[in-house]
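Undergrad: Chains as they are written, first to last, in our numbering: chain A, 5 to 122; chain B, 9 to 123.
Calculated directly from the structure, the hints in this document are not laboratory data.
Certain hints may be false.
Stated by the list, open to error - The list that follows gives simulated cross-link-like pairs (lysine-lysine, DSS-like), each with its CA atoms no further than 27 Å apart: (1) B:K110 - A:K24; (2) B:K76 - A:K68; (3) B:K110 - B:K76; (4) A:K68 - B:K9; (5) B:K50 - A:K70; (6) B:K110 - A:K59; (7) A:K70 - B:K9; (8) A:K45 - B:K50; (9) A:K68 - A:K45.
Claimed, not checked - With beta-carbon atoms standing in for the labels, derived distance ranges: (10) B:Q89 - A:R118: 26 to 36 Å; (11) A:K70 - B:P48: 25 to 35 Å; (12) A:I16 - B:A86: 13 to 23 Å; (13) A:T84 - B:P22: 27 to 37 Å; (14) B:K50 - A:D69: 42 to 52 Å; (15) A:T84 - B:V28: 18 to 28 Å; (16) B:E25 - A:E26: 40 to 50 Å; (17) A:C17 - B:D75: 44 to 54 Å; (18) A:P90 - B:T13: 24 to 34 Å; (19) B:G91 - A:E67: 22 to 32 Å; (20) B:N30 - A:L72: 19 to 29 Å.
C-beta: ideal position from N, C-alpha, C; glycine also.
Spelled out, the chains give:
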Amino acid sequence: GAVVSQHPSRVICKSGTSVKIECRSLDFQATTMFWYRQFPKQSLMLMATSNEGSKATYEQGVEKDKFLINHASLTLSTLTVTSAHPEDSSFYICSAKDRGPTNTGELFFGEGSRLTVL
Amino acid sequence: KQEVTQIPAALSVPEGENLVLNCSFTDSAIYNLQWFRQDPGKGLTSLLLIQSSQREQTSGRLNASLDKSSGRSTLYIAASQPGDSATYLCAGGLRIKAAGNKLTFGGGTRVLVKP
């Protein structure tokens with residue numbers, strides 16, 4: 005199956021700093037990637053839809069200036085948590101859809117990035 | 009808007025017993041439904057994908073059904089093993105223009121298979 009890689013897998017930062025998380029599709033091109041957030045023992049909540057070459061679409065209640073998304077190429081989307089605070093500590097997971105002609109609509113997920121803000 | 013619910017939230021069974029995990033969704037215009045496995049602190053592993061035109065999918069000991077009219081999907085795991093212990097998530101997809109598929113996740117069912 006298609007592989008999606010996230011980096012870093014774990015990051016610890018001080019309050020007030022910014023953290024960038026990368027999501028790469030390794031063996032396919034993705035015009036669309038999705039960013040999710042997961043709190044402990046809870047399910048995944050969609051934060052935003054990342055579109056290659058255009059602005060991301062944010063879900064209601066997600067601050068676009070807080071969570072900057074850039075999708076500069078067909079294989080890379082980045083999520084930057086700006087001026088991080090302890091309440092931003094969470095597990096962030098990205099997913100991507102293969103843009104190829106045989107795609108089934110299946111989404112492939114990265115391994116996730118655990119952010120801890122001190 | 010799609011809403012997805014999974015009941016029960018947790019399930020404990022002895023090894024060898026069959027597992028039945030339930031998922032319900034509100035929008036029958038579902039594009040597809042995916043079942044995932046998540047181990048603690050890890051990402052998601054895709055188990056099965058059922059297209060809206062299909063009624064079931066099978067992979068090894070896993071079988072998932074889809075009934076759009078009743079808004080339900082069921083994941084069956086035959087002859088459970090301790091290694092099946094994990095959280096199982098179902099996600100309903102709605103087709104959105106340009107993006108293709110927007111998934112809404114259920115709350116998950118935490119499964120413990122006791123040796």
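Undergrad: Which of the listed hints are broken here?
TA: 2, 12, 13, 14, 15, 19 and 20
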